[in-house]
Each structure stands twice: as structure tokens, then as C-alpha cells.
Amino acid sequence: MSAEIIHFLIFPGGLFALVLGIFMLSLERIVVARLQGRVGPPIYQNFIDVIKLFNKEILVPKDSKEIVFMYAPVLGFAALIAMLYFIPLPGVYEGAGNNSDLIILIYVMALPAISHILGGSASSSPYAAIAVNRELKLMLVYEVVFVIIAFSIALYVGKGSAVLSLKDIMNYQLNNSPLILDWKFWPAIVAFVIFVLATMEFPPFQVAHHNDADVMDGFLIEHSSIPLAIYEMTDALKIVLLSIVFQIFFCPCVIGGDVVVNLLFFIAKTVIFVMFFSLLHAIFASFRIDQAFKFLIIVPTTLSLITLVLVILSIKGLI
Amino acid sequence: MSIITRSPFLFRINTGSCNGCDVELATTAMIPRYDVERLGCRYTGSPKHADILLVTGPITARSKPYLIEVLDELPRPFVVVAIGTCPTSCGIFRDSYSIEGPLDKYVEVDVNVPGCPPRPQAIIDGVAKALEIWKRKIRDFK
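From first to last, the protein sequence lines are chains F and Z. Heads up: the first sequence begins at 1 in UniProt numbering, then just goes up one per residue. Heads up: the second sequence begins at 1 in UniProt numbering, then just goes up one per residue.
One should not assume that every hint holds.
Said to hold, decoys possible - Here are the computed lysine-lysine pairs in the DSBU-like style, where the Cα-Cα straight-line distance is at most 30 Å:
#1 56/F x 135/Z
#2 129/Z x 62/F
#3 64/Z x 316/F
#4 135/Z x 64/Z
#5 64/Z x 56/F
#6 184/F x 62/F
#7 159/F x 137/F
#8 64/Z x 137/Z
#9 65/F x 135/Z
No wet-lab data here; the hints were simulated from the structure. Since this is a predicted model, take the numbers as computed values, not measurements.
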């Protein structure tokens, strides 16, 4: 019993993931700055940002729905904390294993965006209304992409009958070769990268958030102090969760049986994951919302459908 | 206490400037070499997140209500930095019928960065001075 509470609050979920994610967001800022020829902030910068935001004055707009405005950030944060308890960590933690946690994952991945939408629309700002509209349009497409990728992996691992347990997907790849080496999944990996860019709202999908020239701060425009800090922490948890999901789906490699070595290996893989996305952040400009929507509905959807068709063909024994 | 003063969020407002100062501010945000992010700063899109307000331009009659609204929305304590000659003394626009400046009619200005436009190094120096003032203001505010 107490071990489960520790798993929930401190080690794989909770505090560990929070601290790791906040440092990863700082690392992202540093790498983007170095790629642009700047010095960049220190590595603990986002940590100080969050501590500072907890110490600031809370401003609530007069016309807002105050309860939704104040408590919407908690929804996304709670969802991600809970998911980090459910999900297995390759070689380190088994997960609160039940046999259909892929379904829970698909549901939970939508909740941070829903908390953005609720908080933004309760704030009664026209900028937030525009940003919420954009976020909703993006969410409609990238969730579909994620569902198709997850479904094709589940079909491939189960040889025709879908395996909905993340632990089974991980064990299949540990016994056979990881799916990142399988050419049938290369389109899905590209689609997953685009999905991560869209769900973290890095450029080129920076249309609803931190886009100062367009919608100011988007759905966060009226939030200050603690709600804003909770949104930042949700982002930190999200980047860790996405890194774990990528590793479970495509490369759950481990070194030996030692937990500490595997944990360090996991952190190294997360650092490489974040640095890759910083590179993409630095080299892309931002889309308009119509371009982003068209791109998302054409390119990653098609790529993930190609993988689905290839997987079905390989199950039938045709390729 | 002292650790939280290393993370100021900046908000810039153009109150009728000729855009020269805004271009110089943009160089501190995204151009190589002159980088205000090494001080821990981050440009935000909303005055409700901001700790330091950067004002460019003389206050024109059209922009005055918006400036007052932004000053109202800033969480206390905040620091005001006047970028360029215009908010300090209205510059060449002084005594024009449409100018309601200078800035210190409306708020206590903490740092003046003179120049038309000021160099990016001068702006970064002004932000660094504003950080010291912000630290003192937090101490007095509590």
C-alpha cells in the first residue's frame, strides 16, 4: 500500500517526473538559444519561474466564471499525475498494470488540452476565445493521429487481435526487436513527431499559445500566479509523459537488469528526445491556423494510415 | 526571496512610437549576440504575467487609455522602464497637439534608457538595473 503511494507521489510519477520535466523545459530553452547563437538562460530557469509564479498576486477578471477559471488547470495536472502512475517505465517501473491502459492513455492525452480550453473560455477574454477555437481545431486532428498510431501498434503486437496493455507492448519489443528498427513503422514515427509538436505547441504549431504577434498569450492571457504555474507544470509533465510513450511505443531498450542504470538510460533517452524537439523548434517558423489544420489533416494522418495498412498487410502475410 | 528575482517576465507596450525602439527591443528578444534571456527574462504576451514593463514612444492621445489599462492590469510590485527619448521627454514630438506624455505623468518611472533609438546593450543594461530595483521593491512590498 505505502509502496503504491510512493509510486504515485514521488518516484516514477509525481515529484520525480515534475522535476525532470521542468529541467527538460529549461534544457529546451537553452538548446534553442544555443542554436540561434545566444547564451540562453541557466538550467534551473524554469524552476525559478514556477517558484516565482507561486509567490505572485492572483488576478481574477471581473466577468470570468471564477470557479472554472481557478480550477481548470488542476484538471490537466491531475490527469497527467495519474497517468504517470499507470504507465510503465522501461526497465524501472512496472506500472499499475491492468490489461487495457492504452485506452486510458488515449483518453488522458486529451485532458490537458481540455483544461486549456476550459480555463481559456472561462476567462472572458476575446484573445482567449480565439486561442481556444484554434486549440480545439488542432486537438480534433492530432488526437485522431495518436489513436491510429496506437491502434496499429496494438494490432501488430497482438498479431491481429489488439493488445491494449502497454506492458505487453513493451515486453514484445524487449523479446523481439524494437519497432523503431521496423521499416513498417517509420511513417508512424514521423507522424508521432508531428503529433508531439502539435500537442506541445512548439513551432510550427505555435498558433494558440506564446504567439505574441498574433493572439498575445492565447488561452493563458488572463491567468496569473498559481493557475499559470500549474499550467507550466502540466507542460513539464506532458513532455515527460510523451517521452515515455515514445519509448514504450518504439524503443523500450534497457541495459541489463539494474534499476539505476536503466533509470539513467531512460533520462539520457529523454534528453535526446527533448534536444531533437528543440532542434525542430529552432528551425521552423509558425503556421497560420488554416495551414496547420490542413497540414495535420493531410500529412500525419496519411502517414499513420500508411502504417496501419502496412501492419494489416503484414498480419495477413502479404508482405 | 532572492531566488525569485532571477525570473522577471517582460511586457512591452508601444504608445505611439516610430517603431525604431521596438526594432531594437526585438533584437534583445530573438537576434544572436544581444540576448536578454541570459538574465532569466522572458517576453510574455500578457501584462498579467509581467514583472517589468517596457514602454516605447511618447504617450499619444489614442494610446493613453490603453497605457492606463495596462498599468492597472500589472500585478504588484512592478518596475517601469522607459525605452528611448520619447517616453522620457516626448523627443521631437514635444508640444504636439496629439501628445499626452511624458510617461512620468502617469506612473513613477524607475529606469530611463535614453537614445533615439537606444543600442541593444543599453537596453540590456537598463533591464539589469530594473532587476535591482525590482528586488528592492519586493523587499519593501512584503
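Subject >> Those earlier numbered hints the structure runs against, lowest number first >> reply: 2, 3, 6, 7, 9
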